[in-house]
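K.L.:
The lines below spell out each chain.
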Amino acid sequence: MSANGALLEIDALCKRFGGIIAVDGCSFSVASGSITGLIGPNGSGKTTVLNMLSGYLASDSGSIRFDGMRVARPDPTKMYRGGMSRTFQRARVLPEIDVLDNLLVAAPKRGFAVWGMSKANRATVDYAMTLLDEFKLTRLAEAKAGELSYGQQKLLEFATVLMGKPRLVLLDEPTAGVNHVMVDLMTERIREFHANGLTFLIVEHNMEFVMGLCDPIVVLDHGKQLFAGAPNDVQQNQLVLDAYLGD
Amino acid sequence: MHLLIQAIILGVLTGGLYALMTSGLTLTFGTMRIINMAQGVFVVCGAYIAYTLFNYLHVDPFLSIIVSTPLLFALGFTLQTFLLKPIRHDAHRLSLLMTWAMAIGVEGILSFIFGTDFRGILTSYQNSSWTVAGYEIPVVRALAFVLSVAILVGMFLLLTRTKFGRSVRAVSQRESAAKLLGVNTDRTAALAFGLGAATAGAAGAMFGLVSSFDPASHYDLIGRLLAICVIGGLGSNAGAIAGAVILALSESLVQAEFSPAWSSVPFYVLLIIVLIARPRGLFGVRTRGAI
Amino acid sequence: MKEQARAHRGVLIGLSVIGVLALFPFSGAESWIVNIGIFTLMYAVLGSAWNLIGGYTGYVSLGSVAFFGLGAYGLALTFQHIGIGNGFLPFALVPIIGIAVAIVSLPIGWIAFRTRGLPFIIVTISLVIILQYMALNLTDVTGGAPGLQVPQAPFPPGTYEEYFYWAMLVVFALTLLACAYVRRSRLGLMMFAVREDEDKARGLGVATSVPKYAAFAGCAAFSAMAGAVWAYYLSTVYPQFAFDGEFLAMGIILVAYLGGIGTLWGPFVGALILTPAQQYFAYSLGGSQLYLIAYAAVFIVVMLFLPRGVVTTIADRALRRSRRRKQVVEELATAESESGRDAPAPVAAR
Numbered sequence: 001m002s003a004n005g006a007l008l009e010i011d012a013l014c015k016r017f018g019g020i021i022a023v024d025g026c027s028f029s030v031a032s033g034s035i036t037g038l039i040g041p042n043g044s045g046k047t048t049v050l051n052m053l054s055g056y057l058a059s060d061s062g063s064i065r066f067d068g069m070r071v072a073r074p075d076p077t078k079m080y081r082g083g084m085s086r087t088f089q090r091a092r093v094l095p096e097i098d099v100l101d102n103l104l105v106a107a108p109k110r111g112f113a114v115w116g117m118s119k120a121n122r123a124t125v126d127y128a129m130t131l132l133d134e135f136k137l138t139r140l141a142e143a144k145a146g147e148l149s150y151g152q153q154k155l156l157e158f159a160t161v162l163m164g165k166p167r168l169v170l171l172d173e174p175t176a177g178v179n180h181v182m183v184d185l186m187t188e189r190i191r192e193f194h195a196n197g198l199t200f201l202i203v204e205h206n207m208e209f210v211m212g213l214c215d216p217i218v219v220l221d222h223g224k225q226l227f228a229g230a231p232n233d234v235q236q237n238q239l240v241l242d243a244y245l246g247d
Numbered sequence: 001m002h003l004l005i006q007a008i009i010l011g012v013l014t015g016g017l018y019a020l021m022t023s024g025l026t027l028t029f030g031t032m033r034i035i036n037m038a039q040g041v042f043v044v045c046g047a048y049i050a051y052t053l054f055n056y057l058h059v060d061p062f063l064s065i066i067v068s069t070p071l072l073f074a075l076g077f078t079l080q081t082f083l084l085k086p087i088r089h090d091a092h093r094l095s096l097l098m099t100w101a102m103a104i105g106v107e108g109i110l111s112f113i114f115g116t117d118f119r120g121i122l123t124s125y126q127n128s129s130w131t132v133a134g135y136e137i138p139v140v141r142a143l144a145f146v147l148s149v150a151i152l153v154g155m156f157l158l159l160t161r162t163k164f165g166r167s168v169r170a171v172s173q174r175e176s177a178a179k180l181l182g183v184n185t186d187r188t189a190a191l192a193f194g195l196g197a198a199t200a201g202a203a204g205a206m207f208g209l210v211s212s213f214d215p216a217s218h219y220d221l222i223g224r225l226l227a228i229c230v231i232g233g234l235g236s237n238a239g240a241i242a243g244a245v246i247l248a249l250s251e252s253l254v255q256a257e258f259s260p261a262w263s264s265v266p267f268y269v270l271l272i273i274v275l276i277a278r279p280r281g282l283f284g285v286r287t288r289g290a291i
Numbered sequence: 001m002k003e004q005a006r007a008h009r010g011v012l013i014g015l016s017v018i019g020v021l022a023l024f025p026f027s028g029a030e031s032w033i034v035n036i037g038i039f040t041l042m043y044a045v046l047g048s049a050w051n052l053i054g055g056y057t058g059y060v061s062l063g064s065v066a067f068f069g070l071g072a073y074g075l076a077l078t079f080q081h082i083g084i085g086n087g088f089l090p091f092a093l094v095p096i097i098g099i100a101v102a103i104v105s106l107p108i109g110w111i112a113f114r115t116r117g118l119p120f121i122i123v124t125i126s127l128v129i130i131l132q133y134m135a136l137n138l139t140d141v142t143g144g145a146p147g148l149q150v151p152q153a154p155f156p157p158g159t160y161e162e163y164f165y166w167a168m169l170v171v172f173a174l175t176l177l178a179c180a181y182v183r184r185s186r187l188g189l190m191m192f193a194v195r196e197d198e199d200k201a202r203g204l205g206v207a208t209s210v211p212k213y214a215a216f217a218g219c220a221a222f223s224a225m226a227g228a229v230w231a232y233y234l235s236t237v238y239p240q241f242a243f244d245g246e247f248l249a250m251g252i253i254l255v256a257y258l259g260g261i262g263t264l265w266g267p268f269v270g271a272l273i274l275t276p277a278q279q280y281f282a283y284s285l286g287g288s289q290l291y292l293i294a295y296a297a298v299f300i301v302v303m304l305f306l307p308r309g310v311v312t313t314i315a316d317r318a319l320r321r322s323r324r325r326k327q328v329v330e331e332l333a334t335a336e337s338e339s340g341r342d343a344p345a346p347v348a349a350r
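Residue numbers (the numbering used here), protein chains in the order written: chain L, 1 to 247; chain Z, 1 to 291; chain G, 1 to 350.
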């Protein structure tokens with residue numbers, strides 16, 4: 001953690017695709033132990049920022065600091081092992097593999113332990129089953145992940161990225177395409193893991209969800225930060241309203 | 001020096017022909033995201049059609065392209081409709097085998113009809129060449145180059161100026177979006193496949209003039225065409241042309257300086273270098289990543 | 001506990017099948033049938049080896065032929081200079097050749113893995129072409145087109161084939177063991193993850209290089225061993241057959257597809273069906289080139305009507321009937337009705 005308690009700090013991040021500037025000098029920070037929201041109109045660069053943070057996209061310029069240390073070239077595996085994991089806008093699970101195995105594969109296991117005779121040790125399997133319980137997926141442990149409904153896949157993906165016991169979880173539009181019962185389940189789980197010390201950065205469009213759960217909320221527009229503050233402040237800020245309603 | 005330039009001239013001329021052969025692969029890859037392992041056999045078919053027309057009806061091979069092109073188009077269109085469309089759901093893997101099966105099947109038919117002896121198309125102007133500024137320009141290769149370029153330009157115009165061409169480009173870029181815009185993706189794929197076969201057929205007539213061939217020649221051919229695509233960048237037309245010229249140049253230069261036996265070597269060495277240094281190919285797009 | 005029972009049952013099935021196969025030569029079968037048996041087992045080995053990289057890891061490779069050929073030439077070159085002793089020495093060297101070729105495959109894999117998907121397939125095709133080319137032209141080393149001789153094995157004519165049959169059976173058993181291990185282990189899980197979604201797997205901390213190289217090298221090792229036994233059996237190694245990118249490469253994949261890629265017994269079943277058919281076609285139609293058409297027709301029929309393979313289709317049906325499966329299906333239905341409707345799942349179950 002850096003001196004000011006920020007777990008994640010982004011400074012002047014830039015990314016352009018051909019003629020389009022997706023992220024234009026974006027800076028913000030995520031305080032340790034917070035549930036930070038990241039919102040903004042379509043095209044404001046939210047998912048691009050997430051992709052750069054998690055190492056799926058190389059930034060053109062700017063810096064990323066995780067836990068006080070500069071991350072020069074983020075790489076998905078490195079970030080995951082360093083304690084940051086993420087979900088995707090459209091849930092990505094491993095479809096032909098069992099639900100339980102989807103979790104087991106995400107468990108940290110390094111070096112020669114890879115060559116053992118079993119997929120995971122007892123403790124890992126137990127932890128995976130616990131997570132499945134939390135997300136009410138226990139009885140589906142032996143189903144193929146591809147057979148689950150979309151909402152269930154999102155829950156599964158969420159559970160999976162928790163296997164590595166991360167410090168920071170990036171959620172990319174977790175409620176998109178999901179019915180309200182599952183949204184409630186997700187909200188509950190987020191609060192619960194948060195209470196146990198997990199930090200969240202959540203990209204979302206669902207205002208009710210964000211306003212009720214996140215504090216602070218960072219607003220992006222045209223690839224850079226427009227405003228950041230408590231939900232009430234965000235809701236009343238003129239710039240934010242213009243950005244959403246103006247276009 | 002003279003020899004060097006001579007070799008370069010020869011290389012560029014032959015490169016045009018290879019580029020024509022490869023263009024069909026690029027088209028198929030773009031619209032269907034599959035490797036057409038039968039492209040080589042389509043070229044060989046064109047060669048046999050030209051051979052037959054020349055030997056029995058004394059039609060000049062270049063003219064026979066008028067016949068072979070629609071024939072091969074029909075063949076390609078039919079094969080796509082009956083054999084490739086049913087497997088579109090898992091096209092990525094199955095199409096490799098399916099197009100290979102097509103290739104072997106056609107090879108079998110050609111063997112049955114023509115036997116396995118090597119054939120060549122021996123026109124009267126086979127070995128003549130024009131002399132320009134002290135350099136020899138073989139008539140056959142020069143004509144093949146000009147015609148290949150003409151056909152490639154025609155294809156370019158087709159792809160950029162016509163509705164069909166727009167459909168092809170739409171499907172290549174994003175099939176789901178194309179569907180939503182009302183493009184009949186199945187029809188586009190069939191037409192594209194047919195077109196690829198047609199251009200291969202045209203190239204085949206010229207191929208039969210510069211090289212002897214038998215039904216099994218497709219195997220050698222497809223290996224090179226695929227390697228051209230990798231060097232140039234799969235799916236890129238500019239890449240196909242660049243790769244084709246590189247192949248032809250390297251072969252020509254080695255043949256001139258050393259011996260014909262080792263002519264393929266520099267090309268494959270280059271392939272390995274490209275793979276190490278720039279795996280997506282000279283003109284390829286980086287496709288790795290999150291989405 | 002259930003995992004254990006399944007494992008034990010698997011071992012039992014495996015041992016029984018291998019046992020039956022081992023006893024086959026004693027059934028009084030004639031030499032030419034044992035000969036077909038050798039090639040059947042060879043395709044079973046090659047198909048299973050291919051499964052490691054193609055079926056489990058999802059990297060379709062046409063390159064296992066390259067390693068087959070390297071194994072064949074490896075054996076021939078070794079015994080050019082050393083005598084074959086009482087005839088069993090070459091067999092003893094087969095596993096060593098397998099390991100040697102596996103090591104050689106690593107740098108090749110490094111180049112190949114610079115690509116994925118379709119370019120990867122093309123790279124592996126090019127590998128076979130390059131090696132065939134080298135074998136044809138480096139005549140000092142490889143003897144060129146006339147081929148390389150391996151001293152003929154001193155086995156008695158009546159039972160000559162049997163020794164090679166058992167040798168190939170041993171290689172098959174080893175390959176099967178490796179595949180079975182992979183399917184149960186973490187390494188296998190990593191391979192499947194790469195197949196399903198390599199980039200997602202990377203994002204879950206999976207060291208994707210490990211399963212990729214393991215699969216590639218494993219495929220190389222077993223393919224090479226098959227090649228070594230084949231070389232010894234035929235006594236002459238020809239470049240166009242050792243590095244046969246046309247038929248052998250495609251035959252391997254066809255065998256795997258027919259049986260069911262990604263399954264344990266699939267390639268074996270595929271080889272069992274296909275190899276005798278192939279030998280029959282070559283024998284009866286060989287001269288007229290019609291066998292090419294017959295071959296192509298079989299390909300096409302398999303692709304159109306059995307795209308998932310025999311074993312997969314049977315396994316699916318059995319699975320659907322099993323009680324546990326019914327429970328899971330029920331569970332999927334209740335979970336969905338309990339929690340209400342969602343957007344339809346974009347990832348369709350295959």
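Keep in mind that the hints were calculated from the coordinates and are not lab data. Bear in mind the structure is a predicted one, so any value in this text is a computation, not a measurement. Note that the Cβ used here is the ideal one computed from N, Cα and C, for glycine as well. Be careful, since some hints might not be right.
What the hints assert, rightly or not - Over 10 Å on every C-beta distance to chain G, these chain Z residues come out as not near it, computed from the model: (1) L57; (2) P86; (3) A142.
Unchecked claim - Distance condition first, Cα-Cα at most 27 Å in a straight line; then the derived DSS-like pairs of lysine-lysine: (4) K163(Z) x K85(Z); (5) K85(Z) x K179(Z); (6) K326(G) x K136(L); (7) K224(L) x K326(G); (8) K136(L) x K165(L); (9) K144(L) x K165(L).
K.L.:
Each of the hints needs a verdict: does it hold here or not?
P.N.:
Verification of the hints:
For L57(Z), the non-interface assignment is confirmed: its Cβ lies about 25 Å from the closest Cβ of chain G, beyond the 10 Å cut-off. Distance to chain G contradicts P86(Z) as a non-interface residue, since its nearest Cβ pair spans about 6 Å, not more than 10 Å. Residue-level check passed: A142(Z) sits 30 Å from the nearest beta carbon of chain G, beyond 10 Å. Restraint check: the Cα-Cα separation between K163(Z) and K85(Z) comes to about 22 Å, which is no more than 27 Å; the hinted pair holds.
At roughly 16 Å between alpha-carbon atoms, K85(Z) and K179(Z) fall within 27 Å of each other, so this suggested pair holds. A threshold of 27 Å between alpha carbons decides the hint, and for K326(G) with K136(L) the separation of about 19 Å falls inside it, so the pair holds. Between the alpha carbons of K224(L) and K326(G) the distance comes to roughly 52 Å, so the proposed pair goes past 27 Å and is violated. Annotation: proposed proximity of K136(L) to K165(L) holds, straight-line Cα distance about 19 Å (limit 27 Å).
Simply put, K144(L) and K165(L) have alpha-carbon atoms about 24 Å apart, close enough for the 27 Å limit, and the pair holds.
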